[in-house]
Amino acid sequence: DAGVTQSPTHLIKTRGQHVTLRCSPISGHKSVSWYQQVLGQGPQFIFQYYEKEERGRGNFPDRFSARQFPNYSSELNVNALLLGDSALYLCASSLEGGRIDEQYFGPGTRLTVT
Amino acid sequence: ILNVEQSPQSLHVQEGDSTNFTCSFPSSNFYALHWYRWETAKSPEALFVMTLNGDEKKKGRISATLNTKEGYSYLYIKGSQPEDSATYLCARLSPHDMRFGAGTRLTVKP
Chain A
1 DAGVTQSPTH
11 LIKTRGQHVT
21 LRCSPISGHK
31 SVSWYQQVLG
41 QGPQFIFQYY
51 EKEERGRGNF
61 PDRFSARQFP
71 NYSSELNVNA
81 LLLGDSALYL
91 CASSLEGGRI
101 DEQYFGPGTR
111 LTVT
Chain B
1 ILNVEQSPQS
11 LHVQEGDSTN
21 FTCSFPSSNF
31 YALHWYRWET
41 AKSPEALFVM
51 TLNGDEKKKG
61 RISATLNTKE
71 GYSYLYIKGS
81 QPEDSATYLC
91 ARLSPHDMRF
101 GAGTRLTVKP
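Chains as they are written, first to last, in the numbering used here: chain A, 1 to 114; chain B, 1 to 110.
Pulled out of the complex, with its shape left as it was, chain B reads as follows:
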């Protein structure tokens, strides 16, 4: 993997469903992985910063895991709510660069 890739590109779920999406990235020269939530008409908002292999972070109903050896991170949302509708971006940090994926656009239907 040369670039940061996110899947799926978009996701539609019902309120109350749990969901997860993937961020894949080059594992060499890895410094950190950032997750952001970007709601329409707002600025991207930091969710997590992860650095160590095996890291797990949690904030309310949202959690993330990190595997730096194989180059992937998962973001989980438990019991999705309409206010979770947003684009979720991951970004891989290397010594002099920060590379974003194209994002997963989540829509939660009431």
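Same shape as in the complex, but just chain A:
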């Protein structure tokens, strides 16, 4: 079975631009979560989706949005990019996003904003 996949692997954008990151969960997993990881820190929770509904949201500005599709894949959108948005963006999937569900992480998308 394929693991969690993310695209693109790397991305370079300019300040003020918009970016869309994509994530495909493990087959059978209905929950997807997004994290931002800056060097030297642990991943910061951005969103969790389950069955296309937002279940949780971290402390990120409204420039960050996400959605989940009927096939459970997900997109993370970031508008009006800032230099500080440069980070590794991780997607994780789990069966139902419950508290005992293990999360399986994708390889991440490295975003550089110049």
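Hints were generated in silico from the structure; no laboratory data involved. Hints may contain errors.
To be verified - The calculated label-pair distances, taken between Cβ atoms and stated as ranges, are:
id	chain 1	residue 1	chain 2	residue 2	range
1	B	Lys78	A	Lys52	37 to 45 Å
2	A	Ser7	B	Gly60	29 to 37 Å
3	B	Arg61	A	Ser7	16 to 24 Å
The C-beta atom is built at its ideal place from N, Cα and C for all residues, glycine as well.
Place chain B on chain A using the hints.
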């Protein structure tokens, strides 16, 4: 404690040594604690999910304990091997949030 804190920040041990590190977290609104291993150039890999006070989990040479009343968890590695070199992350789950610590970076020297 307001955030999830891990100590030490980094650790260097010799092959064969046993080691342990700590994850401290707010004890209120606690749902679960997750431990992950993150090797360089790979994705974080789930080690344990712990929910109950007094929980103990074991996977091979790695084990973990949980104290939800005082808000801490210990991760133990017995007889460290070079392949154990990685960053070990803990994450505290509350109703609508998952908060990670900054990790403990373990280096095992042959």
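Here is what the structure says about each hint:
no.: 1; hint: B:Lys78 to A:Lys52: 37 to 45 Å; in the structure: holds (44 Å)
no.: 2; hint: A:Ser7 to B:Gly60: 29 to 37 Å; in the structure: holds (33 Å)
no.: 3; hint: B:Arg61 to A:Ser7: 16 to 24 Å; in the structure: violated (36 Å)
The structure fails hint 3 only (numbered hints given earlier).
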